[in-house]
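Visitor: What follows is the residue order along each chain.
There are 2 protein chains.
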Amino acid sequence: MNKDQLYSFQEAMIYSHKLSQISKALWKSVEKDWQNWIKDYGLNINEHHILWIAHHLEGASISDIAKFGVMHVSTAFNFSKKLEEQGYLTFSKKEDDKRNTYICLTPKGEELLLQTLNTYDPSKFGVFSASMPIKELFGRFPEFPELMSIIRNLYGDDFMSIFNKLEEKIEASLDDQPASPVIAAEEIASSHS
Amino acid sequence: MNKDQLYSFQEAMIYSHKLSQISKALWKSVEKDWQNWIKDYGLNINEHHILWIAHHLEGASISDIAKFGVMHVSTAFNFSKKLEEQGYLTFSKKEDDKRNTYICLTPKGEELLLQTLNTYDPSKFGVFSASMPIKELFGRFPEFPELMSIIRNLYGDDFMSIFNKLEEKIEASLDDQPASPVIAAEEIASSHS
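Taken in order, these protein sequences are the chains called A and B.
50 is the number that the UniProt record's numbering gives to position 50 of the first sequence; each next residue is one higher, with no gaps.
4 is the number that the UniProt record's numbering gives to position 4 of the second sequence; each next residue is one higher, with no gaps.
These are computed hints drawn from the structure, not numbers from a lab.
Check each hint, because a few of them may be wrong.
Since the list can't tell identical chains apart, any single copy or any two copies may satisfy a pair.
[Claimed, not checked] With a Cα cut of at most 27 angstroms, we get these calculated DSSO-like pairs of lysine-lysine: (1) LYS135 with LYS124; (2) LYS165 with LYS18; (3) LYS108 with LYS39; (4) LYS67 with LYS94; (5) LYS108 with LYS81; (6) LYS108 with LYS18; (7) LYS135 with LYS108; (8) LYS67 with LYS93; (9) LYS32 with LYS135; (10) LYS81 with LYS135; (11) LYS98 with LYS82; (12) LYS32 with LYS82; (13) LYS39 with LYS18; (14) LYS165 with LYS28; (15) LYS108 with LYS94; (16) LYS124 with LYS28; (17) LYS28 with LYS82; (18) LYS169 with LYS18; (19) LYS165 with LYS98; (20) LYS39 with LYS28; (21) LYS98 with LYS135; (22) LYS39 with LYS98; (23) LYS18 with LYS135; (24) LYS67 with LYS82; (25) LYS18 with LYS93.
Bear in mind the structure is a predicted one, so any value in this text is a computation, not a measurement.
Chain A on its own, in the form it takes in the complex (with noise of 0.2 angstroms):
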């Protein structure tokens, strides 16, 4: 094969096909375990994605919504507004800013998020038990190098730094509480399907 023929047809569809059978698997997955979650709180995933980008960005407009929540404008826009109805977040202008509308979460919205991270469980994530043997086997959990850039070539590098912010904030907020608690292998073993 030259250089000029990078791949067969035959190649391209069972590769495609493998990687769409994949996502699906790994997203109903993460979808019906993000359900059962908040379900006790009022939220639907879309909401509660938004909180938390609100959060983490410490305002955002509603397009930063629609590309780190991955919805469409149209989505972030009626659930933001759901929300603001609700009274968990308002739609203000930055000081440096007069054009975007920023959304910030109110105490209620704050308070909110901070009761659904209160009950955040990880053995209860399927795709997080499932990971746990990797962990085990390696002494760390997979960093998907592969799928990173992937990912990198479809939302561009802006999209990227959600990682980075996600991590710093949670750390912050770890780091505030008087010790993070460590999570025995018995538990984990106990909710292994």
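Once you have looked at the hints, place chain B on chain A.
Guide: Frame of chain A, contents of chain B only:
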């Protein structure tokens, strides 16, 4: 950290959130491109997935469709019924298994699936184009061993068999054709975003 302490809450939170974000981003991209691909055939993704699975398994039960299509049993049943009403498949019993109902494509269903496959253009799938730099760099498409292990832990060994079955079937059906077309680098380059 001793053996009983496998992860901190902070690590769990960061990893779990990262994986959720990755899963959503990948699937939303695949979903959009898949919809675009088949929209002219009056099919939605679930219906196309059902035709595909029934074709590849050469007869599939509703629970096969639900499992390999990662959809609820009721979704699998309702969309299969709709496809039956349109004459694309039939429900029938197998000679060696009179208890279960199997779905088989009709010639009209096979024809429709074939039409969609003939208009499949890998470069129109964002995740595919976004994988090309990896293919160029390493000479092969990524295989995602860690993800495959996570999916195996989540869905079981049986679920993984779909990957081999699809691969065999695609190879067999393309081998029937006179020559597998090879796509040139320029075509891909022009479709890169």
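Visitor: Does each hint hold? Answer for all of them.
Guide: Results of checking the hints against the structure:
In this assembly of identical chains, LYS135 and LYS124 lie within 27 angstroms of each other by CA distance solely inside one copy; the values are 17 angstroms within and 35 angstroms between copies. Taking the closest pair of Cα atoms, LYS165 and LYS18 come within 27 angstroms of each other only across two copies (11 angstroms); inside a single copy the shortest separation is 31 angstroms, beyond that limit. In the homo-oligomer, the alpha carbons of LYS108 and LYS39 lie at most 27 angstroms apart inside one protomer (18 angstroms), although the nearest pairing across protomers, at 43 angstroms, exceeds that limit. Only within a single protomer do LYS67 and LYS94 lie at most 27 angstroms apart by alpha-carbon distance; the minimum there is 19 angstroms, versus 49 angstroms between protomers.
Taking the shortest alpha-carbon separations for LYS108 and LYS81, only the intra-copy value of 15 angstroms comes in at or below 27 angstroms, while the best inter-copy value is 46 angstroms. Taking the shortest Cα distances, LYS108 and LYS18 sit within 27 angstroms of each other only across copies (26 angstroms), while inside one copy they are farther apart (43 angstroms). With identical chains, the CA atoms of LYS135 and LYS108 are never at most 27 angstroms apart, being 37 angstroms at best within one copy and 48 angstroms at best between copies. Taking the closest pair of Cα atoms, LYS67 and LYS93 come within 27 angstroms of each other only inside a single copy of the chain (19 angstroms); across copies the shortest separation is 48 angstroms, beyond that limit.
For the identical chains of this complex, LYS32 and LYS135 are intra-copy neighbours only, at 23 angstroms inside a copy versus 33 angstroms across copies, given an alpha-carbon limit of 27 angstroms. In this assembly of identical chains, LYS81 and LYS135 lie within 27 angstroms of each other by CA distance neither inside one copy nor across copies; the values are 40 angstroms within and 43 angstroms between. Taking the shortest alpha-carbon separations for LYS98 and LYS82, only the intra-copy value of 23 angstroms comes in at or below 27 angstroms, while the best inter-copy value is 52 angstroms. Proximity of LYS32 to LYS82 under the C-alpha cut-off of 27 angstroms is found in both arrangements, the shortest distances being 22 angstroms within a copy and 25 angstroms between copies.
Only between protomers do LYS39 and LYS18 lie at most 27 angstroms apart by alpha-carbon distance; the minimum there is 21 angstroms, versus 31 angstroms within a single protomer. Taking the shortest alpha-carbon separations for LYS165 and LYS28, both the intra-copy value of 25 angstroms and the inter-copy value of 22 angstroms come in at or below 27 angstroms. Taking identical chains as interchangeable, the C-alpha atoms of LYS108 and LYS94 lie at most 27 angstroms apart only when both belong to the same chain, with a minimum of 20 angstroms there against 59 angstroms between chains. In this homomeric assembly, LYS124 and LYS28 come within 27 angstroms of each other (Cα to Cα) both inside a single copy, at 14 angstroms, and across copies, at 23 angstroms.
Both within a single protomer and between protomers do LYS28 and LYS82 lie at most 27 angstroms apart by alpha-carbon distance, with minima of 25 angstroms and 23 angstroms respectively. Only between protomers do LYS169 and LYS18 lie at most 27 angstroms apart by alpha-carbon distance; the minimum there is 13 angstroms, versus 34 angstroms within a single protomer. In the homo-oligomer, the alpha carbons of LYS165 and LYS98 lie at most 27 angstroms apart inside one protomer (24 angstroms), although the nearest pairing across protomers, at 57 angstroms, exceeds that limit. In this assembly of identical chains, LYS39 and LYS28 lie within 27 angstroms of each other by CA distance both inside one copy and across copies; the values are 16 angstroms within and 22 angstroms between.
In the homo-oligomer, the alpha carbons of LYS98 and LYS135 never lie at most 27 angstroms apart, since the shortest distance is 47 angstroms inside one protomer and 45 angstroms across protomers. Proximity of LYS39 and LYS98 under a CA criterion of 27 angstroms is satisfied in neither setting, with 36 angstroms inside one chain copy and 41 angstroms between copies. Taking the shortest alpha-carbon separations for LYS18 and LYS135, both the intra-copy value of 24 angstroms and the inter-copy value of 15 angstroms come in at or below 27 angstroms. Proximity of LYS67 to LYS82 under the C-alpha cut-off of 27 angstroms is restricted to the intra-copy arrangement: shortest distance 19 angstroms within a copy versus 35 angstroms between copies.
Neither within a single protomer nor between protomers do LYS18 and LYS93 lie at most 27 angstroms apart by alpha-carbon distance, with minima of 45 angstroms and 30 angstroms respectively.
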